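So the protein lines, in turn, are chains V and W.
The opening position of the first sequence corresponds to residue 1 in the numbering used here, with each subsequent residue numbered one higher.
The opening position of the second sequence corresponds to residue 1 in the numbering used here, with each subsequent residue numbered one higher.
It should be emphasised that the hints constitute simulated quantities derived from the structure, not laboratory data.
Keep in mind the model is a prediction, meaning the values are calculated, not measured.
Glycine included, C-beta positions come from ideal geometry on N, C-alpha and C.
Keep in mind that a hint or two might mislead.
Stated by the list, open to error - Covered stretches of chain V (chain W as the covering partner; in silico rule of three or more C-beta atoms under 8 Å from a C-beta of chain W):
| # | segment |
| --- | --- |
| 1 | 43-55 |
| 2 | 83-91 |
| 3 | 189-203 |
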Amino acid sequence: MLLLALDTATPAVTVALHDGDDVIASSSQVDARRHGELLLPAVDRVLAEAGLRLDAVTGIVAGTGPGPYTGLRVGLMTADTFGLALGVPVHGVCTLDGLAYAADLDGPFVVATDARRKEVYWARYADSRTRLTDPAVDRPADIAGQVAGLPAAGAGALLYPDVFPQAHEPEHVSAAALARLAVERLKAGEELPAPRPLYLRRPDAQVPKNYKVVTPK
Amino acid sequence: MADEPLVLGIETSCDETGVGIVRGTTLLADAVASSVDEHARFGGVVPEVASRAHLEAMVPTIERALKDAGVSARDLDGIAVTAGPGLAGALLVGVSAAKAYAYALGKPLYGVNHLASHICVDQLEHGPLPEPTMALLVSGGHSSLLLSADITSDVRPLGATIDDAAGEAFDKIARVLNLGFPGGPVIDRYAREGDPEAIAFPRGLTGPRDPAYDFSFSGLKTAVARWIEAKRAAGEEVPVRDVSASFQEAVVDVLTRKAVRACKDEGVDHLMIGGGVAANSRLRALAEERCEAAGIRLRVPRPKLCTDNGAMVAALGAEMVARNRAASDWDLSADSSLPVTDPHVPGAAHSHDHVHETARENLYP
Ligand SMILES: [Zn+2]
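Same shape as in the complex, but just chain V (with noise of 0.2 Å):
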């Protein structure tokens, strides 16, 4: 087995190797606004680190998100695309359970990332690797009292403190951990979902309102 798995969900831009007995390169890189430079050549360093070519691996793991679009894509996108021209797998992992993951928490917590326009993408874990609740989108204010109390991981967290006042770490997701939980995953025997975005919002349009009338009043 030898997984590739990437996010780009969140301000990192993160890529690891897996060859399922544990990861054997990683890469991780915050821009938040250079997702789609930077991740081929980070591809092209954790294989050449790894010694290996794209062609030996055996499956992509993608993080769908939630997270800002215009990232996410960029991930999704070259996880398809990868998916297609080797003819390998593709399996999509919520990036929140990639976080849930690496925080490493006994007792129930949450974790939060920045869904910009002063939101977080937050869900409830159990504990590292059992999600209470579908990843959602809300102002910090209005989920007060279903956090109250409980340590918090991500971004989100951090940015948000009178929410979240124990915030714990990662703040952002990393490939490593998202490959580690897809192995895992896979060798309880576990089907990994299709890579498919969780946008969570609708697309802003503003349908256009009847033509402005041009004639002086």
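For this one, chain V is given, so just place chain W with the ligand on it according to the hints.
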């Protein structure tokens, strides 16, 4: 010829997910998935809707193009992609796909210019482009007069719209007339039954002191809207056919007049017309008439090649391969305002090949 470059091209600058395959100047496949219906109720292209549709459509469209062309991805000599100009988020989906595909297949990547691709596509219809070529590009996004001495390296802008694109004017007038979106085809249809001389609408930027090759359609749009509003205010019926015909005549009169003048001024005896508005029947007819009178040979690709598609990107990519232009790097970015003077985005010297060599050394030490 079997030794001509076999190139796959990806286009996602607006609302069409296009994947085309060409061998040299021969079209092998032109697969397009359009999200136009999803935009219709908004009266214009919604960028986020377009980007989401590109992600969904990309892999099936690549598969369809390969099947239509009857070629294997392994046999490709390169992958070309629209690097710009266009909608930033939409472009990025295509660039991400092209980079991943090229990298996975071990093929060179060519990030190319959307406008130069619109010109180069004519090679698939009428054979190699004459050098130099005069090109009039008209669509919902562009209205430009371009002179190209070498489509892979030398494209010069002579003029462009200073406000609305020609296709935008069609969309806006269609909206005033309640004819829906997109406006080009429906206005063309109504205009066929109308009188182009019924109403004398203004011809923008055609005065003696105006820039010779620039366009302006904003004043025309306002004049047409005002004329329609006056009719409505007077309780009279709006003659949709005559308004369509007269408006369309004003647009194509200016476009063809300036294009022919540019050919004469620059001593160019060929004119190519591309972009979605090139499908307009009156533009084609009037251009034909005026070019013939001026001794200029007109080249207009079939309508499906004029609108945005992947074949045009593949056509320019094949030309890049044929002329040994440098491939792009793996950090190629989508550039929503890529200048028309950059037909492609070459990588820093040799670094592209270097990446491949490194990878190969690692596998076969
Ligand atoms: Zn175009």
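Verification of the hints:
1. 43-55: Three-residue rule met by the segment 43-55 of chain V, so holds; n is 9.
2. 83-91: holds (count 4)
3. 189-203: With 3 residues closer than 8 Å to chain W, the segment 189-203 of chain V meets the three-residue bar; holds.
The structure meets every hint from the earlier list without exception.
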